[in-house]
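Asks: One letter stands for each residue in the lines below.
There are 2 protein chains.
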Amino acid sequence: MIIIGERINSSRKPIAQAILSNNARFIQNEAKAQAKAGINYIDVNAGSFVGEEAKRLRWLIEVVQDVTDDPLCIDSADPEVIKSVLPMVRIAPMINSITLEPYRLEGVLPLVSEYRCKVIALCQSETSMAKTTEEKVRIACQLVEKVTGSGVPLDDLYIDPLVYPVATHTEFALSTLDAIEQIMKQFPGVHSTCGLTNISYGLPNRRIVNRTFLVAAIARGLDSAIIDPTDTRLYGSLKAALMLVGKDKFCLEYLTAFREGRLGS
Amino acid sequence: MIIIGERINSSRKPIAQAILSNNARFIQNEAKAQAKAGINYIDVNAGSFVGEEAKRLRWLIEVVQDVTDDPLCIDSADPEVIKSVLPMVRIAPMINSITLEPYRLEGVLPLVSEYRCKVIALCQSETSMAKTTEEKVRIACQLVEKVTGSGVPLDDLYIDPLVYPVATHTEFALSTLDAIEQIMKQFPGVHSTCGLTNISYGLPNRRIVNRTFLVAAIARGLDSAIIDPTDTRLYGSLKAALMLVGKDKFCLEYLTAFREGRLGS
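In order, the protein sequences belong to chains A and B. To get my numbering, take the position in the first sequence, counting from 1, and add 367. To get my numbering, take the position in the second sequence, counting from 1, and add 367.
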């Protein structure tokens, strides 16, 4: 399971303020807390700074790399921004994200090859963001073709089927869960990932919904997630779920997380 | 989702003591607490009183029926005990349980027909308790044949694939999850149920493991469970999971449980 820590994202107010005020220590504490909680990649996003995203993202990367050797997940919708920061990234990162939109595909895929990155691909075409299971699987199929066709190994591709609020439509969660299962079965070797917070938009007790969705998705085959690893109940659900789908031999990871107080209650 | 409240079971010490001392009020409080938390059936079990199980179970049934109109789940491995108590049960109950063992099949199936009960059937043959997915599905298949062959509608059959501790064998949880999915796909209209507590035997933080397993099982098709409904975090996971698999239109049940403080935190 590849875990991407989501906290250093400029859409979160405290992060945007820290970026604006060049508060490196605040950002570094966020990086260290996530590294300690247990992750594989640290997401860095400065997307809310329109016009100066590249500059702000470069600062974020520098600041985060100063305190951790965990690889980064470079999070931007702009291929030019991604291209401008990659030379300063020390360890092969993940890129978040591409879609079927040509400017993103053509702008990012050569960089994925050049820097030997992993890449997250959203189930989104030029004209639509996939909502039904059929749409999600159809776009995933095209993404697999385009990405592997450009020479990127299937093992480096993380398909994000997109998550919409279940409060908006009763079927929205199930369409993503079904898509995860179908995509993982149809393309052995590919990976799947997603963020969780959209699922609970508009509902009370959002954390219960988020962690329940994560477990359900893992039970259907999800093998990566973009989460807040410092939410211990979420992290406990994650570790228990991996154990229950047979991905934690002798329960060693679960027991280690328990001993280190990382399971919640 | 059919929820069976598991608390009134003589294998639990306080229940055994209450039965021994004819403490009706204690048992009735357990019944009322479960009814309030939200269940469809109340399990009643006096199996630990060898030699006087029937007498103790009759007392339990009388005491519970005095305070609730929720139907009962008559929980005994002994067909004679089940036969002796059924005449006093006011509302068509569930019977827990039969197996492929002939004395249980032949002893109980006529009662299921006569009293129009629902029945839980364990994936257990004369010679073995099913551990692998293949065994579970094979025995489930035989159970479906035997039960429907005796004239009981498929809709009244709840197959329990059996749950073993994941700490004993890394594959034990997954074999049950896979069996649930296969059984529900192979026999449209049949139901599946299980208890949760075995899964976490030998591990710390058992409640996390239990509720995570419940969510994973619902994500794979489980449509009934034998649980402690007064465990609010478990109940919250249950309600969120049902919402996420599309079984809670407009999130109404989730929102109601939230307003009534039944979701946990």
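It should be emphasised that the hints constitute simulated quantities derived from the structure, not laboratory data. Watch out, some of these pointers could steer you wrong.
Identical chains share a label here; the pair holds if one copy fits it or two copies do between them.
Derived DSBU-like pairs: lysine-lysine, alpha-carbon spacing no greater than 30 Å straight-line [stated by the list, open to error]:
(1) Lys498 x Lys422
(2) Lys616 x Lys422
(3) Lys616 x Lys552
(4) Lys616 x Lys450
(5) Lys552 x Lys403
(6) Lys498 x Lys399
(7) Lys498 x Lys616
(8) Lys513 x Lys450
(9) Lys399 x Lys552
(10) Lys380 x Lys513
(11) Lys399 x Lys513
(12) Lys513 x Lys616
(13) Lys552 x Lys498
Asks: Now tell me if each hint is right for this structure.
Replies: The hints, checked one at a time:
1. Lys498 x Lys422: Neither way: Lys498 and Lys422 sit 34 Å apart in one copy and 58 Å across, limit 30 Å.
2. Lys616 x Lys422: Neither: 44 Å inside a chain and 46 Å across chains, both beyond 30 Å.
3. Lys616 x Lys552: both (23 Å within a copy, 29 Å between copies)
4. Lys616 x Lys450: neither (40 Å within a copy, 45 Å between copies)
5. Lys552 x Lys403: Result: close neither inside a copy nor across copies, 33 Å intra and 42 Å inter.
6. Lys498 x Lys399: neither (36 Å within a copy, 43 Å between copies)
7. Lys498 x Lys616: between (36 Å within a copy, 18 Å between copies)
8. Lys513 x Lys450: Answer is within: at 19 Å inside a copy they meet the 30 Å cutoff, but 65 Å across does not.
9. Lys399 x Lys552: For Lys399 and Lys552, neither the intra-copy (36 Å) nor the inter-copy (46 Å) Cα distance is at most 30 Å.
10. Lys380 x Lys513: neither (36 Å within a copy, 62 Å between copies)
11. Lys399 x Lys513: neither (36 Å within a copy, 60 Å between copies)
12. Lys513 x Lys616: neither (35 Å within a copy, 38 Å between copies)
13. Lys552 x Lys498: Result: close both inside a copy and across copies, 19 Å intra and 24 Å inter.
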